[in-house]
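*Asks:* Sequential numbering from 1 applies to the sequence shown in the numbering used here.
These are calculated hints, taken from the structure and not from any lab test.
Quantities reported herein were computed from a predicted structural model and do not represent experimental measurements.
Do not rely on the hints blindly, as some may be mistaken.
As a list, the in silico DMTMM-like pairs of lysine to aspartate or glutamate whose alpha-carbon atoms are at most 20 angstroms apart [to be verified]:
1) LYS131 with GLU108
2) LYS325 with ASP297
3) LYS148 with GLU135
Here are the computed distance ranges between Cβ atoms for each label pair [to be verified]:
4) SER346 with SER486: 38 to 46 angstroms
5) GLU100 with LYS161: 21 to 29 angstroms
6) GLU372 with GLN122: 22 to 30 angstroms
7) ARG174 with SER486: 39 to 47 angstroms
8) HIS336 with PRO479: 44 to 52 angstroms
9) ASN153 with SER329: 48 to 56 angstroms
10) PRO479 with SER446: 43 to 51 angstroms
From the three backbone atoms N, C-alpha and C, an ideal C-beta is built for every residue, glycine too.
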Amino acid sequence: MKESNSKKNLELEVKDFGPVSEAKISLKPMTVFIGSSNTGKSYLAVLIYALHKVFNLTHPYRFFSLSKRIHNDENLLLSFQKLASRAQVKESSLPEMGIEIPSAILDEIKNLISLQGYNLRQEIVRSFGIKDIKELIRFGTSRCSMVKFGIANEPDAIIHKFKIGTKESNFESRIPETFKLLFSKEGYQFYDNCNSILTELNKFKEEERKKYTVLTAPSIDDMLWRLHLYHYPITLGPLSSPAYYLPTDRAGVLHTYRLVLSSLIKGASLANQRPEWHSPMVSGVLADFLDNLVGIDGTSNGGKKSNLINQAKQIERNLIQGEIKVTRSELANYPHFKYHPEGWKSGLSLLNASSMVSELAPLVLYLRHVVEPGNVLIVEEPESHLHPAKQVEFTRQLAELVNKGLKVIITTHSEWILEELGNIVQRSKIKSWNGKPQNAVGISLSPDQVGAWLFKSKKRPRGSFVEEIKLDEETGLYPSGFDAVSESLYNDSVNIYNRIHK
Numbered sequence: 001m002k003e004s005n006s007k008k009n010l011e012l013e014v015k016d017f018g019p020v021s022e023a024k025i026s027l028k029p030m031t032v033f034i035g036s037s038n039t040g041k042s043y044l045a046v047l048i049y050a051l052h053k054v055f056n057l058t059h060p061y062r063f064f065s066l067s068k069r070i071h072n073d074e075n076l077l078l079s080f081q082k083l084a085s086r087a088q089v090k091e092s093s094l095p096e097m098g099i100e101i102p103s104a105i106l107d108e109i110k111n112l113i114s115l116q117g118y119n120l121r122q123e124i125v126r127s128f129g130i131k132d133i134k135e136l137i138r139f140g141t142s143r144c145s146m147v148k149f150g151i152a153n154e155p156d157a158i159i160h161k162f163k164i165g166t167k168e169s170n171f172e173s174r175i176p177e178t179f180k181l182l183f184s185k186e187g188y189q190f191y192d193n194c195n196s197i198l199t200e201l202n203k204f205k206e207e208e209r210k211k212y213t214v215l216t217a218p219s220i221d222d223m224l225w226r227l228h229l230y231h232y233p234i235t236l237g238p239l240s241s242p243a244y245y246l247p248t249d250r251a252g253v254l255h256t257y258r259l260v261l262s263s264l265i266k267g268a269s270l271a272n273q274r275p276e277w278h279s280p281m282v283s284g285v286l287a288d289f290l291d292n293l294v295g296i297d298g299t300s301n302g303g304k305k306s307n308l309i310n311q312a313k314q315i316e317r318n319l320i321q322g323e324i325k326v327t328r329s330e331l332a333n334y335p336h337f338k339y340h341p342e343g344w345k346s347g348l349s350l351l352n353a354s355s356m357v358s359e360l361a362p363l364v365l366y367l368r369h370v371v372e373p374g375n376v377l378i379v380e381e382p383e384s385h386l387h388p389a390k391q392v393e394f395t396r397q398l399a400e401l402v403n404k405g406l407k408v409i410i411t412t413h414s415e416w417i418l419e420e421l422g423n424i425v426q427r428s429k430i431k432s433w434n435g436k437p438q439n440a441v442g443i444s445l446s447p448d449q450v451g452a453w454l455f456k457s458k459k460r461p462r463g464s465f466v467e468e469i470k471l472d473e474e475t476g477l478y479p480s481g482f483d484a485v486s487e488s489l490y491n492d493s494v495n496i497y498n499r500i501h502k
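Kindly generate the complete structure, drawing on both the sequences and the hints.
*Replies:* This is the structure we're talking about:
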């Protein structure tokens with residue numbers, strides 16, 4: 001069976017965006033952004049998050065405008081009736097390649113995608129917590145910023161391009177003329193409701209069909225929703241999946257989140273009394289993080305999340321040496337998080353737990369209550385507050401999340417994380433060990449599952465450039481430049497020793 005577009009890699013290209021002068025990145029199941037501070041790693045991570053927020057499948061409102069047009073446009077209504085008639089067959093009678101969507105409907109879908117520019121602009125502003133999107137144009141250039149994305153390694157891929165100018169922004173999609181949208185046999189659930197659509201359509205006389213509204217044509221709206229579910233992964237690939245962001249300083253946020261929430265609630269209650277804010281109180285990334293924490297009710301979801309829940313237990317066992325528990329306040333109706341160390345009868349508030357526990361607790365909570373397989377999880381600086389040995393173990397756990405179906409993006413400065421990631425990739429090349437199968441040698445990811453991207457500062461033009469770094473087959477390491485720091489420290493140490501004993 002052909003691989004789903006939602007499982008393929010997203011190719012992202014940016015120019016003059018924030019501190020990034022130029023970057024072209026293919027996002028793998030495990031993607032690592034490496035580099036010194038202020039080179040734009042977080043800028044690209046937040047941009048990726050904003051793209052997912054706009055284009056993921058969880059927003060049916062996008063089709064409301066199309067629904068209204070269909071109900072008021074006789075030609076579109078007849079196109080849907082034609083599509084429903086063609087689909088009114090048994091699954092065994094469907095053409096092998098599926099049924100082609102009529103051009104009139106496909107044109108409307110193309111228009112819908114192109115209209116997402118305003119939503120994208122607003123979401124980028126919200127996610128970054130800035131006042132105006134032009135603040136993201138790279139300092140030192142009078143040109144606009146450019147963001148381009150599409151499915152990687154697809155010759156006929158739909159390419160989406162977003163330009164950020166000093167006066168206005170523009171979004172456009174380049175859809176090849178040869179592009180066709182087909183409902184295949186795998187999408188047979190779409191055909192299931194076609195009979196009911198025809199039945200409802202035939203209840204109305206020709207002149208009455210123009211009076212169709214969203215409320216009186218639920219079957220067509222259902223058909224639109226199924227069309228939305230089907231075409232978004234095809235036209236937007238992995239962006240059709242939801243993304244979640246674990247920002248840096250998670251420990252600090254968890255220590256103060258109740259104070260932050262009470263301040264926000266108090267501020268909301270005084271909305272008509274306070275002066276106008278000139279900039280957002282918090283970034284959208286942080287606001288969403290807080291919102292997800294507040295929404296945790298203490299019960300974990302099973303089913304398709306069971307693998308992730310088990311992985312949360314592994315992190316508790318191997319890293320935290322205890323359990324993160326959730327209770328909900330009856331008075332304020334917000335969650336209270338506690339850390340129960342192994343062997344303890346009572347727990348500690350995360351405020352009194354170590355920074356390591358507070359840094360890892362959000363990931364445990366997300367795996368248990370928020371994310372699902374197929375989602376994207378972005379983790380800033382996973383090494384924060386972790387001993388090197390814990391960083392190595394955490395890297396293994398993140399790799400195992402990829403094996404469990406999550407897509408993971410991390411930003412890091414840690415040599416330990418990169419070295420262990422190299423071991424994880426090298427381990428995939430071992431066919432057997434002492435007679436044991438390959439999966440018994442430890443957690444592994446294949447080379448094509450991992451992408452490492454180095455952010456390098458340059459003076460001319462001022463900004464950072466991003467390049468992929470490949471695993472060195474001989475050393476098993478990613479050439480990140482960290483070894484130059486170690487070498488410099490060693491040379492200083494030798495020089496100091498020689499001066500002492502001169």
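*Asks:* Tell me, which hint numbers fail for this structure?
*Replies:* The structure breaks hints 1, 10; every other hint is satisfied.
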